Amino acid sequence: MSNQTERVLDALGDASRRRILELLSAGARPVGAMAAELPIGRPAVSKHLRVLEDAGLVRHESRGTRNVYALAPEGPSVARRWIEQTWDDVLGAFASYVDQLANDPDGQVRGQDEEER
Amino acid sequence: MTVPEMTSGEAFAAVERTVEVAADEATAFTLFTDRIADWWPMATHSVHGEGGTVGFEEGLLVERHGERSARWGEVRHWDPPHGFAVTWHPGREADEATEVAVSFTEEEPGRTRVRLVHSGWERRDAAARESYATGWAAVLARYVDAAR
Numbered sequence: 857m858s859n860q861t862e863r864v865l866d867a868l869g870d871a872s873r874r875r876i877l878e879l880l881s882a883g884a885r886p887v888g889a890m891a892a893e894l895p896i897g898r899p900a901v902s903k904h905l906r907v908l909e910d911a912g913l914v915r916h917e918s919r920g921t922r923n924v925y926a927l928a929p930e931g932p933s934v935a936r937r938w939i940e941q942t943w944d945d946v947l948g949a950f951a952s953y954v955d956q957l958a959n960d961p962d963g964q965v966r967g968q969d970e971e972e973r
Numbered sequence: 050m051t052v053p054e055m056t057s058g059e060a061f062a063a064v065e066r067t068v069e070v071a072a073d074e075a076t077a078f079t080l081f082t083d084r085i086a087d088w089w090p091m092a093t094h095s096v097h098g099e100g101g102t103v104g105f106e107e108g109l110l111v112e113r114h115g116e117r118s119a120r121w122g123e124v125r126h127w128d129p130p131h132g133f134a135v136t137w138h139p140g141r142e143a144d145e146a147t148e149v150a151v152s153f154t155e156e157e158p159g160r161t162r163v164r165l166v167h168s169g170w171e172r173r174d175a176a177a178r179e180s181y182a183t184g185w186a187a188v189l190a191r192y193v194d195a196a197r
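Those protein sequences? They're chains Y and H, same order as listed.
Residue 965 in the numbering used here sits at position 109 of the first sequence, and the numbers go up by one each step.
Residue 60 in the numbering used here sits at position 11 of the second sequence, and the numbers go up by one each step.
Do not rely on the hints blindly, as some may be mistaken.
[Said to hold, decoys possible] Incomplete in silico selection of chain Y near chain H, CB under 10 Å:
id : residue
1  : ASP866
2  : GLU893
3  : ILE939
4  : ALA949
5  : ALA951
6  : VAL954
7  : GLN956
In short, the hints are calculated from the structure, not lab data.
From a predicted model like this one, the values you see are computed outputs, not experimental measurements.
Yeah, the Cβ is synthetic: ideal placement off N, Cα and C, and Gly gets one too.
Can you make the complete structure from the sequences, with help from the hints?
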């Protein structure tokens, strides 16, 4: 799996971070407002936001002295493209391997018990 | 089980990819499964990276790299030469598994279409639902709506 896919899936694999995404789906807000609505402290919220931001799922902008967080619209589609790319790479490698065998009579498929290693 | 409404969550609907290969159905199935170690791009698509190997072992798909190993999934369906399905959780616990199904269809003699469907994104957090009402596909579905 690609690093980006891993980051997205890791980011989503945590209930607190999903809760943060749910909060943000109702509108952009600063860290303090999120902390007030969650059963975790502000430092923990900040830590989760960094993970979400690294994964491309949220982004922030500075308004005065505070950072306001919002969902990054392209977040899920980036993850999806990475997953598609993963399987294109894998299936492409398989097709090349089959082609190579088809073009090389010595490389024809043998039974498992005569496998050369 | 409630499957989250996915109409606005296409971002995590099943991923489908196909490729055509120069082999009959039975050969394609065998090469894909018995010979997976010969072609899988380990350097870029594995848990432990280059130098390891992957194979089907007694109903499991397992990566081995020296002393280390990683279970990628469990075989759920096995119907040679037509297809197979495995749960999919490389680098993760089984309860976070999605599912990968691969089917083989000989379109003409010696040419087989290989179709891969990666699904089950909504199943990823059955456990997490205990504490929160929604799984991540449901969160993403709302996310996609909200971010529009």
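Quick rundown of the hints versus the structure:
1. ASP866: holds, 9 Å
2. GLU893: violated, 13 Å
3. ILE939: At 5 Å from the nearest chain H Cβ, ILE939 of chain Y passes the 10 Å test, so the hint holds.
4. ALA949: Interface hint status for ALA949 of chain Y: holds (5 Å vs cutoff 10 Å).
5. ALA951: Since chain H brings a Cβ to about 5 Å from ALA951 of chain Y, closer than 10 Å, the hint holds.
6. VAL954: holds, 4 Å
7. GLN956: Where the cut-off is 10 Å and the nearest Cβ of chain H is about 9 Å from GLN956 of chain Y, the hint holds.
Violated hint for the displayed structure: number 2, the only one.
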